[in-house]
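J.: So the sequences go chain by chain: A and B.
All you need for the working numbering is the position in the first sequence, starting with 1, plus 18.
Quick note on numbering: the working numbering labels position 66 of the second sequence as 57, and the sequence is numbered without any gaps.
Some hints could be false.
[Said to hold, decoys possible] Now the in silico label distances, taken between C-beta atoms and shown as ranges:
(1) B:Leu4 with A:Asn35: 38 to 48 Å
(2) A:His97 with B:Lys47: 38 to 48 Å
(3) B:Glu(-1) with A:Ser89: 21 to 31 Å
(4) B:Lys47 with A:Met33: 48 to 58 Å
Don't read these hints as lab results, they were simulated from the structure.
All C-beta atoms in this analysis are idealised placements derived from N, C-alpha and C, irrespective of residue type, glycine included.
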Amino acid sequence: DTEVTQTPKHLVMGMTNKKSLKCEQHMGHRAMYWYKQKAKKPPELMFVYSYEKLSINESVPSRFSPECPNSSLLNLHLHALQPEDSALYLCASSLSWRTGSTDTQYFGPGTRLTVL
Amino acid sequence: GNSVTQMEGPVTLSEEAFLTINCTYTATGYPSLFWYVQYPGEGLQLLLKATKADDKGSNKGFEATYRKETTSFHLEKGSVQVSDSAVYFCARRVDSSYKLIFGSGTRLLVRP
Chain A
19 DTEVTQTPKH LVMGMTNKKS LKCEQHMGHR AMYWYKQKAK KPPELMFVYS
69 YEKLSINESV PSRFSPECPN SSLLNLHLHA LQPEDSALYL CASSLSWRTG
119 STDTQYFGPG TRLTVL
Chain B
-8 GNSVTQMEGP VTLSEEAFLT INCTYTATGY PSLFWYVQYP GEGLQLLLKA
42 TKADDKGSNK GFEATYRKET TSFHLEKGSV QVSDSAVYFC ARRVDSSYKL
92 IFGSGTRLLV RP
């Protein structure tokens, strides 16, 4: 089983709202990732968690706040977003995040976010 | 530098035609190489991968061979189906990087 699940599938929010995206995997993977994908573009890495600790923040604005409550769950908390933040948000996981690893990243189906 | 270059799309083919989507990479080492597919309205699915030179990845009739001499990882399929219509991303990872570096994506449209 190589399934990563994400909820919700679609989300519409105003610029003053607070919402959260959820990601879950039960493959025993210890590295989890958030990506942002704009239309007709490849995914762009936002955050990397390794063993439930934030390892990488790719200079993402503070209105995006990631959280990893346990080894199977990854959240992305959203607050005061801008219309340009509208995109597909993808979660991924891999067995580990160590340099030298050839581990494959498995992606979830994504949450399509629209900010009004 | 580190980059992945894919052929510009869209690629439009008739059903049962032969498919090639070119992918070349630049790297200082020997990166693991991947092809991901994204069907309309969905996330990315791993299609195939290769981790060292001369490896051939294959899945669902698709194949790609890791060519160190030409720094290429071209995707091929002998007979495409309408259901193969999607966007295909070539990607690489090197030992010193946590990142997946994606190509720009190639949209494939297969007509009945």
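J.: Now look at each hint and say whether the structure bears it out.
T.: Going through the hints against the structure:
Our hint of 38 to 48 Å for B:Leu4 and A:Asn35 holds, since their Cβ atoms are close to 44 Å apart. Against the hinted window of 38 to 48 Å, the Cβ-Cβ separation of A:His97 and B:Lys47 comes to about 47 Å, which satisfies the hint. Checking the proposed 21 to 31 Å range against B:Glu(-1) and A:Ser89 shows it is violated: the Cβ atoms sit about 41 Å from each other. Distance hint for B:Lys47 and A:Met33: a CB-CB separation of about 49 Å, consistent with the stated range 48 to 58 Å.
The structure does not agree with numbered hint 3 stated previously, though it agrees with all others.
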